[in-house]
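Colleague: Starting from the known structure of chain G, arrange chain V on it as the hints suggest.
Respectively, the protein sequence lines represent chains G and V. Numbering-wise, the first sequence is residues 3 to 73 according to the numbering used here. Numbering-wise, the second sequence is residues 4 to 387 according to the numbering used here.
Fair warning: there could be bad hints in the mix.
To be verified - Calculated pairs, DSS-like style, for lysine-lysine (alpha carbon to alpha carbon, straight line, at most 30 angstroms):
(1) V/Lys318 x V/Lys383
(2) G/Lys70 x V/Lys83
(3) V/Lys224 x G/Lys70
(4) G/Lys70 x V/Lys195
(5) V/Lys41 x G/Lys70
(6) V/Lys190 x G/Lys70
I should point out that these hints are in silico values taken from the structure, not numbers from a laboratory. Predicted, not measured: the structure shown is a model, and the values here were computed from it.
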Amino acid sequence: MIDGTFFINLGSITYAYKAQRMLVDAGIKASIGKSTSKSGRMGCSYGINVQSSNRDTVFRMLTQNSIKYYV
Amino acid sequence: MIYFDNAATTAIKPKACYKAYQDAFLYYSGNPGRGSHKLAMSCAEVVYKSRVTLAEFFGTEPERIIFASNATHALNMAIKGAIEEKTTVITSNFEHNSVLRPLYRFRDEGRIDLEIIDYDYRDSESFCEEISQRIFCKQKKYAVVMTFTSNVCGINLPIKEIGEICRKNGALFIVDASQAAGHTDIKLDEYKIDILCSSGHKGLFGITGAGLMAINRSYNKRLSSLMEGGSGVDSRNERMPDELPESLEAGTLSVPAIMTMASGVGFINSVGIESINAQEKSLRRRICEGFSNINRLTLYAANADSSSIILFNVKGIECDDMALMLSEEGICTRSGLHCAPLAHRALGCNDGAVRVSIGYFNNICECDKLIKTVYDISKKGTAI
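Just chain G, with the same shape it has in the complex (with noise of 0.2 angstroms):
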């Protein structure tokens, strides 16, 4: 993993997308990742692997855009 690379579990695809999305419009590198059932919550999920320094803005933008995030 490149360094101060992270995961967020988001639950649903449909999230990640829309957290990627969001993302990447303002500049930060994330990209779909799928979590394994081990990992996941209750079983498989899908999240976002974003690349950033600042892991509290990046949770700070999900919190804003009403998006659930798992840690």
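Modeller: This is chain V only, laid out in the frame that chain G set:
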């Protein structure tokens, strides 16, 4: 063939929709939201993009677009998922059976009280006043389920006014926009609609099997699911996931239906919904004028604010015979009760009538051919 049955489904679609249909088979044949390989992910992306297009079209968020297989499916999801027990549900006599039958069932099971209010298009103020008077008791729960445009004669019900009444009184407002979507610009907030249901294969130009429910940003109650099953996520959960849209979309989505519907909306946006509406109204006017010169022909609700539907009968000729004779001349119309018997009763054609439903791809020549053919049939009676 001349196609005047666009209220049933649009048989002629924009070129972009044919392209989308082909692309769906050639390039998007995977299962969206299932797995993480390239094909599944590209399908998921195209489905998401379609949600964005439709969400912008109706003025909501992408996750609040719920895909369905038709308007009936969407209306069943909305009615059975959002209307709580012991609610008084108000509806009109211009509803399609896709609204009436789920409501009749709930009424018969004792879950709701059902009140059907007669709508007179010449006096919509009284209709609104009556609804306003019925939604008065703060201790009771109310919901209004209503069509935007009648599938029988094309009259528009006063949805904006009803939306205001519902919002003011805290009543749930579900709208059947099957005959309005793609003909009228509908933003959920502007009309105070909580849940809009529509087919996607009529004015939105998708293939049959396309439908949707659009939920207002301000509506935050959880809808109970109509169907349960695979959602691609949360597999250990015994229940459907919490988040929209997956909470209501059990099973594999129809990528061709979704892609064609979104392409149809792209076409509508490029042409302009006002232009579409103006063209359809102009053709409707032409046919109404032509029909008005035919003896024994009755036009129903001809003077109403209607964009694209004409309903008529010719005295002495059964409506089914008329539709059959038009079909023999290569003209597609629809006869009968159009799954909306109460509307026919209200219009004074209890035994049915012939419906001509105009689409954007109809033209003046087709209208003139229709007028002449109906004229010829009416002159010859059933002997043609």
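Colleague: Against this structure, judge whether each hint is valid.
Modeller: Outcome of the hint check:
1. V/Lys318 x V/Lys383: Given pair V/Lys318, V/Lys383 holds - Cα atoms ~12 angstroms apart, limit 30 angstroms.
2. G/Lys70 x V/Lys83: 27 angstroms, holds
3. V/Lys224 x G/Lys70: 17 angstroms, holds
4. G/Lys70 x V/Lys195: Holds: G/Lys70 and V/Lys195 sit about 26 angstroms apart, inside 30 angstroms.
5. V/Lys41 x G/Lys70: 25 angstroms, holds
6. V/Lys190 x G/Lys70: Given that 30 angstroms is the threshold and the Cα spacing comes to 26 angstroms, the pair holds.
Of the numbered hints listed earlier, not one is contradicted by the structure.
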